[in-house]
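K.L.:
If you want the building blocks of each chain, they are given just below.
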Amino acid sequence: MPVQVITGNHAAGYALSVAGEANRTARGVACGIYPITPQTEIVEYVAQFPFSKGRVVPVESEHSAMAVSMGASMNGARAFTASSANGLAYMAENVMVAGYYRLPIVMVAVNRTLGPPWNIWADQGDTLMLRDFAWLQFYCEDNQEVLDTTLLAFRLAEDRRILLPALTCMDAFIVSHTQTGTALPEQADVDRFLPDLDLPHRMHYDEARTLGGLAWPHEGLSMRLEIDEAMKRVADVYQECRESFTEIFGRDPGDVIQTFATDDAKLVLVASGTIATTAREVVRQRRKAGEKIGLVKLKMFRPFPEAALREACQAATRVAVLDRNYAAGAGGIFWQDTRAAFQGHRDDLLIQNYLTGLCGGDVTPTVIDEILADLTARANAGDPVWMGIQTSKETLQ
Amino acid sequence: MTATTAPGRLQERPEIPCTEECLLRPGNTNCGGCGMSVGLTMLGRALADAGDTCTLVIPACCGIVTAGAFPTTSYGVPTIATTFASSPAVASGVATIRDLNAEPGQVICWAGDGGTYDIGLATLSAAAERNENIIYICYDNEIYGNTGGQRSSATPAGARTTTTPWGKIQDKKDIMSIMAAHRIPYAASLSIAHPDDFAHKISTALLIKGMRFLLLHSPCPTGWKAEPADSIELVRLAVASSLFPLYEVFDGATYKINVEPDGSDPAEYFHRQGRFEAKQIDLGAARRACSERMQRLRALAEQYPSCT
Numbered sequence: 001m002p003v004q005v006i007t008g009n010h011a012a013g014y015a016l017s018v019a020g021e022a023n024r025t026a027r028g029v030a031c032g033i034y035p036i037t038p039q040t041e042i043v044e045y046v047a048q049f050p051f052s053k054g055r056v057v058p059v060e061s062e063h064s065a066m067a068v069s070m071g072a073s074m075n076g077a078r079a080f081t082a083s084s085a086n087g088l089a090y091m092a093e094n095v096m097v098a099g100y101y102r103l104p105i106v107m108v109a110v111n112r113t114l115g116p117p118w119n120i121w122a123d124q125g126d127t128l129m130l131r132d133f134a135w136l137q138f139y140c141e142d143n144q145e146v147l148d149t150t151l152l153a154f155r156l157a158e159d160r161r162i163l164l165p166a167l168t169c170m171d172a173f174i175v176s177h178t179q180t181g182t183a184l185p186e187q188a189d190v191d192r193f194l195p196d197l198d199l200p201h202r203m204h205y206d207e208a209r210t211l212g213g214l215a216w217p218h219e220g221l222s223m224r225l226e227i228d229e230a231m232k233r234v235a236d237v238y239q240e241c242r243e244s245f246t247e248i249f250g251r252d253p254g255d256v257i258q259t260f261a262t263d264d265a266k267l268v269l270v271a272s273g274t275i276a277t278t279a280r281e282v283v284r285q286r287r288k289a290g291e292k293i294g295l296v297k298l299k300m301f302r303p304f305p306e307a308a309l310r311e312a313c314q315a316a317t318r319v320a321v322l323d324r325n326y327a328a329g330a331g332g333i334f335w336q337d338t339r340a341a342f343q344g345h346r347d348d349l350l351i352q353n354y355l356t357g358l359c360g361g362d363v364t365p366t367v368i369d370e371i372l373a374d375l376t377a378r379a380n381a382g383d384p385v386w387m388g389i390q391t392s393k394e395t396l397q
Numbered sequence: 398m399t400a401t402t403a404p405g406r407l408q409e410r411p412e413i414p415c416t417e418e419c420l421l422r423p424g425n426t427n428c429g430g431c432g433m434s435v436g437l438t439m440l441g442r443a444l445a446d447a448g449d450t451c452t453l454v455i456p457a458c459c460g461i462v463t464a465g466a467f468p469t470t471s472y473g474v475p476t477i478a479t480t481f482a483s484s485p486a487v488a489s490g491v492a493t494i495r496d497l498n499a500e501p502g503q504v505i506c507w508a509g510d511g512g513t514y515d516i517g518l519a520t521l522s523a524a525a526e527r528n529e530n531i532i533y534i535c536y537d538n539e540i541y542g543n544t545g546g547q548r549s550s551a552t553p554a555g556a557r558t559t560t561t562p563w564g565k566i567q568d569k570k571d572i573m574s575i576m577a578a579h580r581i582p583y584a585a586s587l588s589i590a591h592p593d594d595f596a597h598k599i600s601t602a603l604l605i606k607g608m609r610f611l612l613l614h615s616p617c618p619t620g621w622k623a624e625p626a627d628s629i630e631l632v633r634l635a636v637a638s639s640l641f642p643l644y645e646v647f648d649g650a651t652y653k654i655n656v657e658p659d660g661s662d663p664a665e666y667f668h669r670q671g672r673f674e675a676k677q678i679d680l681g682a683a684r685r686a687c688s689e690r691m692q693r694l695r696a697l698a699e700q701y702p703s704c705t
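Keeping their order, the protein sequence lines are chains A and B. 397 is the number that the numbering used here gives the last residue of the first sequence; the numbers go up by one with no jumps. 705 is the number that the numbering used here gives the last residue of the second sequence; the numbers go up by one with no jumps.
There could be a bad hint or two in this list.
[Stated by the list, open to error] Label pairs and their in silico Cβ distance ranges: (1) P58(A) with R580(B): 13 to 21 angstroms; (2) P58(A) with Q547(B): 45 to 53 angstroms; (3) W216(A) with P625(B): 26 to 34 angstroms.
[As the list claims (entries may be wrong)] A few chain A positions that, by computed beta-carbon distances, are all more than 12 angstroms from chain B: (4) A26; (5) A183; (6) R318.
Think of the hints as simulated: they come from the structure by calculation, not from any bench. Just so it is clear, CB atoms sit at the ideal spot from N, CA and C, and this is done for glycine as well.
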């Protein structure tokens, strides 16, 4: 398996392309693509890939990019796309439809701040806006994880027990434009990992079925319930896919949550994406000083891994949830779901929210030290704490 | 959340045979006098005559309500419901995979004027520019019919709708010219009052590859405030008076007029529909517009005649 020094976008483009190519022995691959900073290199990579049985359709908008991918998927092909920020907002209607149509489309999103004010740097508000749309969501911290998770996402999404689209996310620039050594799997191994797609509810040109027409409330309810049941199967099916991935590629793509030193940790940081990378280093240093502190990296956000998160925090008395996103009027989005996961299980646990790195701000070890100082000192959990505000004001002065 | 006995969960879906003679099945709930229903029937017959089949790709519009409630459907062909603005893009994906797998049948978008002239225009324009291998049929009833009759950019000047209660000021968008300007292989207008011409144009479209655009003048008795029994007569008058000429444009370059208007006065067309109020229609202007429309078309057909 060759290791190349490539960007996160290149890793994503490679994963999407070889996954698409793997379906050449079945109904092929097609996708709609549209550029937006900072994901543009992904669709450029895909557009230049010499598919044996496939077509990349350069469309006029993100909304149509997802629509072309949906049409291809409904006709039984493997399909994917990529987008970011306001592009995802513009695409949102068809993102929702792909989920409710149970189409196993994989999308790579580069997390970028939703404008205004215009800003191209990292913030998870764009993909989290899509959180309730029946998509699986994964947040990655480095190029290898982006590549591996994207490949795994196809296998998981296309599994007949799941049949839901999946979103792989990475932080703008910090991952998307940073080059690191990344192992690129061979096409033959990808072919082994991803079986021919055989979508059970695809259209057939000689079968008079109507996809997506009117359904009465009791029918619609049943379909929603089936999505709920599929979501509940994800945790187990993910482990099967992970084992198969490890066997074929000789590398563990990682669990849905990744713990670091949590076994006896009294203080636990909960983070995702590249903030987890920095937080892990802080935890490592503080462990050397004897502090009982640990980290939970939430890789999977939908379905939310409640049980795994509770298990990882068994020894904890205080939890800090670091959110690079903000739901106006409510607080950090990972924090909301974390609180809900512990409700009725660990009402003694102090869970405090820190909004950090919003709109692409840097989350340095110093910021995490400040968070830990606040977490240790406080008597009770309170409103979400906005980090970096003072710094911004100082910068302005 | 456990509801293992959800009443609607069907373990076995009924087998529904595909009958090419019956694209629109009997028993659908469409309104009496609906031009779209007649158009679907004519489309089905033309496909059957040619021994061809189709997949319908339908955005939000009366056309998808026509399908009826799951798990039954009024369509005797495979049908996909799309979001309002997306039918040409979804059809592009469907047709791409059909072609990659060398499968037969047409992929046909069936969309109202809202999905064509308004919300879906960018998507349609892009599909036309890419020359996607699909047929796009707009059944133009000149109104947002499915939502109860609001103006669209296909609504003619003077027509009252629920959002232009005093009559629309602006004129109807010339979608045929817009599509012809994309230089697509085929663009043609259709009328259910001229079934032979309708059938001929479908069979012409079936023999062409690439983007084919067909504009069907589709009477809507509830929106037009007209008698259902008058539907066909109204669109016949529209052709005869040059309000809605029947013509073809090949490659955006050559023109053919298919039915010569007999010079009927458009006044009769306005008079027989409640959406037009006599005092709001400038008949002189309407007559001049009809005359100019035909003059322009004749000039194009004479200067750039199609050899078909």
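K.L.:
All hints, please: hold or fail.
P.N.:
These are the hints, each one checked on the structure:
1. The hint said 13 to 21 angstroms for the Cβ distance between P58(A) and R580(B), and at roughly 19 angstroms that hint holds.
2. For P58(A) paired with Q547(B), a C-beta distance near 34 angstroms fails the hint of 45 to 53 angstroms.
3. W216(A) and P625(B) have their C-beta atoms about 28 angstroms apart, which keeps the hinted 26 to 34 angstroms range intact.
4. Listed as a non-interface residue, A26(A) fails to keep its Cβ farther than 12 angstroms from every Cβ of chain B; the least gap is roughly 9 angstroms.
5. Distance to chain B confirms A183(A) as a non-interface residue, since its nearest Cβ pair spans about 31 angstroms, more than 12 angstroms.
6. At roughly 31 angstroms from the closest C-beta of chain B, the C-beta of R318(A) stays outside 12 angstroms, upholding its exclusion from the interface.
Violation of the numbered hints given earlier is confined to hints 2 and 4; the remaining hints are satisfied by the structure.
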